[in-house]
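Protein chains in written order, with the working numbering: chain L, 1 to 238; chain G, 239 to 715.
FYI, nobody ran anything at the bench for these hints, they're computed from the structure.
Distance condition first, Cα-Cα at most 20 Å in a straight line; then the derived DMTMM-like pairs of lysine to aspartate or glutamate:
id, chain 1, residue 1, chain 2, residue 2
1, L, Lys210, G, Glu632
2, L, Lys210, G, Glu285
3, G, Lys282, L, Asp131
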Amino acid sequence: MSVRTLTIDGRDVAMATGATLLAAAREVGVSIPTLCHLEGLSPVAACRLCLVEIEGSGKLQPACLTPVAEGMVVHTDTPRLQDYRRTLIEMLFTEGNHVCAVCVANGHCELQDRAVEVGMDHSRLPYRHPDRPVDLTHHLFGLDHNRCILCTRCVRVCDEVEGAHVWDVGWRGEHCRIIAGLNQPWGAVDACTDCGKCVQVCPTGALFDKADTTGEKHADPARLWTLVRARARGQQTP
Amino acid sequence: MTRTILIDPVTRIEGHAKITIHLNGAGAVEGARFHVVEYRGFEKFCEGRPFTEMAAITARICGICPVSHLLASAKTGDRILAVTIPPAAEKLRRLLNLAQITQSHALSFFHLSSPDFLLGWDSDPAKRNIFGLIAADPELARGGIRLRQFGQDLIERLGGRKIHAAWAVPGGVRTPLDPADREAIRARLPEAFATTNAALERFKGLLDGPLATEASTFGCFPSLFMGLVGADGRWEHYDGQLRLIDSDGAVLAEALPQQQISEALAEAVEPWTYLKFPYYKPLGPEAGSYRVGPLARLNVCEHIGTERADAELLELRERGGRVVTSSFHYHLARLIEILAALEAIELLLNDPEICATHVRAHAGVNAFEAVGVSEAPRGTLFHHYKVDANGLIEAVNLIIATGQNNRAMNRTITQIARQWIPPGAAEISEGLLNRVEAGIRCFDPCLSCSTHAAGQMPLHVQLIGPDGGMLQERWRQ
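Given these sequences and hints, build the entire structure.
So this is what it looks like as structure tokens:
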């Protein structure tokens, strides 16, 4: 296995070829904020929070998708990145209807955590207040499009881990939203196995257990990695 | 001719009021209007939300009495689920409401109203507030502040936080009461009783002396009264039957059908205020107007059911008759209800079931329309929801206590203006302004809550001449 050496925020790090900058940063204790990324799912670089600066490259690169390269000099926390990250979070908040005070995920929400992390004490952008529906047709779970940040974790976990592929992303631009069964009410989709993995990995309160009220959603997305690793070990066993 | 620049509305909502006083051709007061110039829109923006969120959303209507909305909403949710909640959950909800009544009444009496009684109507407005009271009577002020803290502490021990604890949910409550918290609450009860008794004695002394005129001119008129009553006509705050009486004590309606409340009650609107005017439909908007709140609850009940509070109720009735019609006695009723609440809290804490751990029932949507009723500190509170088969809200109607007292508040300030503005007067003195404020404050309306804690309610008074022209106006921000 060949190894690549690079520096991240001044720290030397050696990683196997093919590893991502995000993995390399975490290896040496450098924290890069993420939202769409989740261990156990394929990376998509949808949220752009993990963008980093690489010396010699004019373009910012998503750490979750960029492979390590020999001699790379990476900066993860420059003033420019800090400003971009805060702006990105502000855009997520203003693009949807995120009313933390009454949300099922209040206090246990990754979007909320990231907002605190990037120092968003208010939004400098105007709120759009879009008119979005809530789908409560599933007998166990609900989908509130107001709180969806289109990270696509639900799409990926249902396809890659559960194998049901209930979810897709429909429409484009500001009309873009998560759809079930090629745009049916969730409760009408036979492919759904009621497993709840999408609810568990959702970083916000967009997907939730219908019995939960304000602040009662305590999802644990990291459990997915445990499941994926256990399955991988199972497949290796003759 | 003077010119006035009007800043209206002031952006601090729940605390912005406007009063107009209308004079006839002889310069005598013809009427007065209490305008609520804020618009909240809760009934509209709740549409499309899951009914399970309603308790948390509607609790946000108020920072002083979020518990009231929480309970009315959770009760509506119970009916949508069509469940009977576990017995311990009902007892815990009762405990929560009693804590709410204690803290809200303590706030109204000690922080907001007592500076008028104890420091004087015409005392320096800069000192006529809780801070002035602390300077003048530190023991009473400290007792009142700690009494409110006792209620808030109980709410926090039950719901995890003092304000907007989303602890009551459709089907019950989220968490049981920890025995250690029960003991901590119990330990503070003696002090709470002592403060309440001291305040009662002090206030009754004032009613027999310097406040006698106020007791007869601050909203003293016959009207209907409505409130919940329990079994045997007992004082009730959480469940029970709706009873409507007239000022002679005759029961006009017993066990009003709560689930079809819109058949019994209607809401009139006026173009000059956002606050609606609910009334008892069979009698029409004027004759059917009624009062709710502490005085109404004590008027509609036969007895309270606890020893010390019942003794005080008897004394109240000796003072004001079987049905007490002076709105000024809302203050005394508030103190009696604090005593009743403390006694009820003591009984509930001694209940062996209060720390039971089965506190929530689970179910799906089983009813598409429901009404939840509870007694908020300020009076009977109705939440009425319609949901679709999945539990999404299709329509909301909230009948709030302050609204039900709306006509009574208007009549009260009219009575005060007539008493204190002699015919031909074109000046509004600070003393009048304060008395008019105090007339509104008898009802402890929700809009005064958030901004009044420092002793001043933002108020705008206009004196209107017979031609409709404004003679004078005063603001207090």
